[in-house]
Amino acid sequence: MKARTVIPVAALVAVTTLGALGVGGRFWVANHLRRWSGKQDLAWASCLHCHGVSTARLAWAREKPRHPAPAGLALSFDGRRLYIALDEMNEVVEADTLSRRVIRSTRVPGGPTGLALDAKAGRLFVTCRSGDRLAVLNLKSFTETGSVSVGTAPVAVACFTTRLGDRLVVANSASDDVSIVSVSPLQELGRLGAGREPFAVAPAPDGSHALVANRLAGITRTDSVPASELTVVDVAAMRVVARQPLVSAHLSEGVASVPGRSWALTPLVKVRNLVPITQVALGWVMSSGLAISDFQHGTVTELPLDELNACFADPSGIAVDAAGRRAYITSGGGNVVSVVDLDQVGHWLEHATEAARQQAIDDLQLSSDYVLARIPTGPNPRQVVLSGNGRMLCVAERLADSVLVVDTTSLRPTGRIALGDGGDWDPIRRGERAFARASATFQGQFSCRSCHPDGHVDGLTYDFDVDGVGRDIVDNRSLQGVAGTGPFKWNGKNPSLAVQCGPRFARVLMRTEPFPKPELADLVAFIESLPPSRTLHPRGAPLTPAQDRGQKIFFATETPDGKEIPRAHQCSTCHRPPLYTTRLSFDVATRGPRDNTGTFDTPHLLGIGASAPYLHDGRAATLEEIWTLYNPEDRHGMTSYMTKHQLNDLIEFLKTL
Amino acid sequence: MNALACIFVPGLAAALAGCGDGRRAVPAGTLVLTQIPWASSATHGPRDLLDVRYPAGSRVVLARPPLGPDNVRVLSRGLLSAGSPIVSPDGQRIFFAGKAGSSSAWQIYEAHLNGGRPRPATSMPDGAMDPALLPDGDLVFSSPVPTAADAWSSAHRSAIYAQSPRGTPRRLTFGTAGATDPTVLADGRILFVSAQPASMASAASPRALFTVNNDGTELTAYAGQHDGLGFIGRPRELFDGYVAFLASKTVSPGDSVWAENVRAARPFLSREKMFPTAFGACRSLEPGRPGELLAALKPNEPAGRVGQRHFAIFQIDRLSGMRRELLFDDAERDNLEAALVAPRSRPMGHLSNAGPTRTTGLLLCLDVNRTTTPEIDGKNATAAVRVRVLGVGDHETSRALAEIPVQADGSFLAEVPADVPLGFETLDARGQTLLRLPPSIWVRPGETRSCPGCHAPHGRALDNRRPLAVNEPPVRIGEPAKALAQRDPAR
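If you're matching them up, the sequences are chains A and B in order.
Residue numbering for the first sequence follows this note's numbering, beginning at 1 and increasing consecutively.
Residue numbering for the second sequence follows this note's numbering, beginning at 658 and increasing consecutively.
Honestly, the hints are just simulated from the structure, not real lab data.
Computed from a predicted structure; not experimentally measured.
Certain hints may be false.
[Unchecked claim] Far from chain A, some chain B residues (derived; all Cβ distances over 12 angstroms):
hint	residue
1	P726
2	P782
3	P801
4	R1056
5	H1112
[To be verified] Only some residues are given here: those of chain B computed to face chain A with a beta carbon under 7 angstroms:
hint	residue
6	D844
7	E875
8	G1006
9	H1007
10	N1010
11	S1107
12	G1116
13	R1117
14	L1119
15	N1121
16	R1122
17	R1123
[To be verified] Not everything, but these chain A residues come out facing chain B in the computed CB check (under 10 angstroms):
hint	residue
18	P226
19	S248
20	Q359
Glycine residues also receive a C-beta, built at the ideal position from the N, C-alpha and C atoms.
Pulled out of the complex, with its shape left as it was, chain A reads as follows (with noise of 0.2 angstroms):
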């Protein structure tokens, strides 16, 4: 037969195999689908779901550009020398403020973030955030001379003097609590219980009792009010002696007490989650503000630090000089630093009746009494230090590798100390950037990073409009370790992070238009490049006992009797490794009375220890609560047979995920 014969028929017959092969197949498919899962509706199911996945060729598991983005800064008395601490690039360097140059640099392995330098002794701490160390620094030859474990992820220290000698306090910002340390020998002395997730330390005005700002709010029941903490430590005795609640706050990320006065000041965003999305003008989501803790008086008193139609979002770092009259405190959406007059402030307390100081934060026209200057700086401005004489102000314009300086005289920038080249070749870095950016929701009032800190979660639930109102109220998902695990949304309605980050938030958040095409593309390259959260437990690490015992549990088909555990009520038949989902939808009998539906995606499990609360809805405090109190009927896995021990085990697994 001659080869234009041959051609046709053998395309014919290949055609007519693989249309069998796949029509078959794909009843093969459904057939062992249902059977796996015990799921009726698997119409888009794929192998895929189960079958082929890595998470070794997933975004977040490959290298990634690292920047010289300053996390950390800390400034000489004398304003000459300024320290700046370089996590991804594992270096801190040494910067001369006159002529805006580095001049030394020093390997910290560990992510260093934190600093705090003690100038008489020659010495500059270094908190390593991914090395769970505190790392100190010979400042003469700048070099690392000591290190000591703490706890997990610090992110801020703080020097104190107490009468048993030199004390540094530490804030763990993953195991939620403060390490207290002594400097000579350099050993961490005990660990103290702190609000959720701190971030900042500073000592208090009278220079014994460490203030800490803590980024997140406590778990809540879902239509219950967050709030946050500002933990007050006792440092030579070891104790915790306050906490001071701040409420419907969070997301502080800084903290300053104030010369001559008895305040504490933090920045904070003020969130309204429990009122439901129908706008966002005039602070209906949230706003931003600063916390007066006055420990004369035994008052909180939150002002807002945003505009009627202007607001500064995701308030970060701030400084206080030493007179005690002007706070700098950045706004990392908003790239301003807003300059706050203290002692208009102080007026306006001494004046303010009771009422007028409880609902001071939501008159979004009192700011402009005490707000003296915005000064624009560049991309996400974080941490920021003053020098002693108050004259100059040092801005970490995080996501530009850039050091503002700023003379506060004028209140303009005199020039910058250029870390790197900024990464505008890096789609992650640019894609970074607008995660960070206000300005593309209505009159800046958030950015993601607002409820995403960190691509993480906030810890609360929203009521979005788009579902009907009071219907469908959501806990925040994590962005960390979200690449191939779509659909996303808890419905699953979202089938890619550019359908979630587009029109459709748009329309229902920002308010404004969708992110241009190409910075879409960057946003989402930066969403996948974002690992899974830390665990207390290192990943691959071998698994303790409990652990152990707690993976059996997980991928058991029989209970300890013996009895089969129907396949649609395995934790591994949904949870499926190595992301811990299959990206199917189930009914695991966890629809509320506000709940559209009973059919939720199925999360993925991966850091799944530091993301409460939990459920779609975020009822499930801790993780023993979704199975004590929120599984009746054993649809979310069979687990009324589980002793308390058992599912202790079960949870213990869980957390190392």
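Starting from the structure of chain A, add chain B where the hints point.
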């Protein structure tokens, strides 16, 4: 073939050259402005407001540096009269109100800097005026052009419309008072002038500034609500977060108009006059180059001229508000409404949440008892247990549409008809009216309109609490009274 090529190729080349990117650079400092023949008093038998404002012979011109009456090009060529020019964000097109003939209606026209006759951009039967542009290029205007006798009568009131370049007009405002003078703010909202609805405390209807989104949702009071101004006109956003506008105590102010500005941060506290009295009457104000304003003034004292009786264009230093420099003058005409012809920042866009296929919207009030007037005529105005929803009945009277229960926390959620004026009365347990808002606000189809309270304090954010009303389905207007009674926690 060759002959055809000779004809078409140069033509094509010329067309391409003309189009290119369609842009023609104009010298820095070029202005577009309205000129009204000074000698001409009102035209015979003016029919509507614009006939009075822009009598026959009024024109829109392009003035290039060196600025002077002899260096202008008429953009409204072929029209009987024209005025109210605005410049597109790309600085390439001019939109203005124009009238083709004495019997035709005012429409919005578009003129390109490239030249050519102006093209009508609207064809509203009762005319269109006050052009503005949305970030997506849609034209915003008010229509109909009201009569000269009563520009704010409810019978012939203006509304704000938006229209895509080749689309049909979409009405955005549905209040009982007229809506005029739209301008687009940097945050994407449309700022416009309307009348503050008369309340129980005040029977008058002073002018005030309001905003809506580009789809007519989220009607919001902006400024002037309690100031009793009889006239507000030509609001314009300046570069420094202020909004400037013309104001007067009287409804028909003539030349007794002054310029004011209000800071967006403190709309109700910082209204202030912009210029000293010596600057005289002001007829228009536009942002100029950064730090500068362009104002049409008729000074009370000579400003380089003696006995000036007409309006000329002045450049004013924004910071001092005192230094002025005569920029353009033509002694034969009033020179008004000058705007800089230059590209400027595009305002923020907005994706609509409204659903055009629906006929209703939702209204969520967080607490009807949250009010700035806690006591009225000795009555406790914060004891409301029900709300009466009002619509417009015959002869523009208020008509009760329904009474709906208020939850224990003061909240209510109602499904209400869209695109009609709605008002509210709060009622106490005895059914007595406590607070009243006459029909004046609206919801768009599919919109969830929310408000913190009734006559709630301006410029205040909310308490963080979940309103009880959202725990139940919204009350539908038209729901049987028996069903409503069952949902009433007060009964």
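Here is what the structure says about each hint:
The Cβ of B:P726 lies farther than 12 angstroms from every Cβ of chain A, with a closest approach of about 40 angstroms, so its non-interface assignment holds. No Cβ of chain A comes within 12 angstroms of the Cβ of B:P782; the nearest lies about 32 angstroms off, and the non-interface call holds. With a closest Cβ-Cβ approach of about 30 angstroms to chain A, B:P801 is found to remain outside the 12 angstroms limit, as its non-interface label requires. Chain A leaves B:R1056 outside its interface by the beta-carbon criterion, the shortest separation being 26 angstroms against a cut-off of 12 angstroms.
Every CB of chain A lies more than 12 angstroms from the CB of B:H1112, the least distance being 15 angstroms, so the non-interface label holds. Given hint, B:D844 at the interface with chain A, holds; its Cβ is 5 angstroms from that chain's nearest Cβ, closer than 7 angstroms. Hint status for B:E875: holds, given a least beta-carbon distance of 6 angstroms to chain A, under 7 angstroms. With a cut of 7 angstroms, the hint placing B:G1006 at the interface with chain A holds, because the nearest CB-to-CB distance is about 3 angstroms.
Restraint check, B:H1007 versus chain A: the minimum CB separation of about 6 angstroms is within 7 angstroms; hint holds. The beta carbon of B:N1010 comes within 6 angstroms of a beta carbon in chain A, closer than 7 angstroms, and the hint placing it at the interface holds. Contact between B:S1107 and chain A, as hinted, is supported at the beta carbon level, the nearest pair being about 4 angstroms apart and thus within 7 angstroms. Annotation: B:G1116 was flagged as interfacial toward chain A, and the flag holds, the nearest CB pair being 5 angstroms apart, inside 7 angstroms.
Interface hint at B:R1117: satisfied, since its Cβ lies 5 angstroms from the closest Cβ of chain A, which is below the 7 angstroms cut-off. At its closest, the beta carbon of B:L1119 sits 6 angstroms from a beta carbon of chain A; the interface hint therefore holds under the 7 angstroms criterion. For B:N1121, the interface hint holds, the least distance from its beta-carbon to any beta-carbon of chain A being 4 angstroms, beneath 7 angstroms. Checking B:R1122 against chain A: minimum C-beta separation of about 5 angstroms stays under 7 angstroms; hint holds.
For B:R1123, the suggested interface contact is upheld, since its CB lies about 4 angstroms from the closest CB of chain A, less than 7 angstroms. The interface hint given for A:P226 holds, since its Cβ lies 8 angstroms from the closest Cβ of chain B, which is under the 10 angstroms cut-off. At about 4 angstroms, the closest approach between the beta carbon of A:S248 and any beta carbon in chain B falls short of 10 angstroms, and the interface hint on this residue holds. Residue-level restraint check for A:Q359 holds (minimum Cβ-Cβ distance to chain B is 8 angstroms; threshold 10 angstroms).
Every hint, counting from the list given before, is met by this structure.
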